[in-house]
Amino acid sequence: MPELPEVETIKNELIPHVVGRRITGVNLYWENMVLVPSASELRARLTGQKIVSVSRRGKLLIFGLASGESSIIHLRMTGSLLIMPALAEPEKHVRAVFKLDNGTAIHFYDPRKFGKMWLVRDVESVIGKLGMEPFDPSFTPEYLAGIMSNRTAPVKVILGEQSLIAGIGNMYADEALFAAKIYPLRPGKSLSGAEIKRLHRSIRNVLDAAIANKGASVQDYFRPGGETGTAHYDFKVAHRGGKLCPVCRTPIKRIAVRQRGTYFCPKCQREMPR
DNA sequence: CCCGGAACCTGAAGGC
DNA sequence: TGCCTTCAGGTTCCGG
1 MPELPEVETI KNELIPHVVG RRITGVNLYW ENMVLVPSAS ELRARLTGQK IVSVSRRGKL
61 LIFGLASGES SIIHLRMTGS LLIMPALAEP EKHVRAVFKL DNGTAIHFYD PRKFGKMWLV
121 RDVESVIGKL GMEPFDPSFT PEYLAGIMSN RTAPVKVILG EQSLIAGIGN MYADEALFAA
181 KIYPLRPGKS LSGAEIKRLH RSIRNVLDAA IANKGASVQD YFRPGGETGT AHYDFKVAHR
241 GGKLCPVCRT PIKRIAVRQR GTYFCPKCQR EMPR
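Under my numbering, think of the first position of the first sequence as 1, with each following residue one higher.
Bear in mind the hints are in silico, worked out from the structure with no lab data behind them.
Keep in mind that a hint or two might mislead.
[What the hints assert, rightly or not] With a cut-off of at most 27 Å between alpha-carbon atoms, the simulated DSS-like pairs for lysine-lysine come out as follows:
id : residue 1 : residue 2
1  : Lys129    : Lys11
2  : Lys197    : Lys267
3  : Lys129    : Lys236
4  : Lys113    : Lys129
5  : Lys11     : Lys99
6  : Lys189    : Lys11
7  : Lys253    : Lys189
8  : Lys116    : Lys99
9  : Lys267    : Lys236
10 : Lys181    : Lys236
11 : Lys99     : Lys197
12 : Lys253    : Lys243
13 : Lys99     : Lys129
14 : Lys92     : Lys189
15 : Lys50     : Lys99
16 : Lys181    : Lys92
17 : Lys267    : Lys189
18 : Lys253    : Lys181
19 : Lys116    : Lys129
20 : Lys113    : Lys92
21 : Lys92     : Lys11
22 : Lys236    : Lys189
23 : Lys253    : Lys267
24 : Lys189    : Lys243
25 : Lys197    : Lys181
26 : Lys11     : Lys113
27 : Lys92     : Lys116
28 : Lys129    : Lys92
29 : Lys197    : Lys116
30 : Lys267    : Lys181
31 : Lys181    : Lys11
32 : Lys99     : Lys113
33 : Lys253    : Lys236
Go ahead and model the full structure; you've got the sequences and the hints to work with.
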């Protein structure tokens, strides 16, 4: 599922295909995906617009338009944006098609229908509540310590709160906690200064490595050209329940944290450290 | 404000 | 073979 490294990859690979292109037609097959404005108004206002930029904030893709408006897309769990020939018949799970002026089209492929879309003049109205970008220089161990302090919620849950840190989801939270040797259910406020430093470094290392591998294709993630990513080959714990820890050969455990599959090594990530 | 659980969705996988 | 249940998880909403 697209988290920061996957959305970053999609953004990078969409740019050469769409920047400078004009949208010549919009077909919507699942109108509930449009949050703002109405589906029919989005269709009308998007048609004819020129795309001037593509950027990422957290897990959101932002298409800057020549009018000054922005179209924003959240792929949620199973969404992909695929570059297709203009005449290609939309596959069963394609929820929207954006035709471009160069004989191609973007197909919004989303089996689970969780993806969302906005067309707004004020980008802040959509991204305004997002927290720090993990690669922002202001994302420091001190910032991480600040958001963990006074929290009894599991550190795994806090890592995934988009209003605090933007872009981390279920799999990269597990990977970062493994790299930092921290048990996922530890209360946020229980982390020591040394653990905060390790976690801070691990978050950046894990995300950086995943971007270098063009994202992780564990379920329905496809890049705009239809290719998968390879970051999941490097996963140490995420989605590896029952397999052996690459560090100590202990079987990886799977538990549910807030109804989410959570994978960790019971030996490398002790409930009570030391 | 904080915490935990349900709902939204559909396809895959497992049980009998 | 086929029906039924469970699971997957990003985000929002709701109750305590």
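Practice item. Output the numbers, in ascending order, of every earlier hint that fails for this structure. Key: The structure conflicts with hints 3, 6, 11, 13, 14, 16, 24, 28, 29, 31, although it agrees with all the remaining ones.
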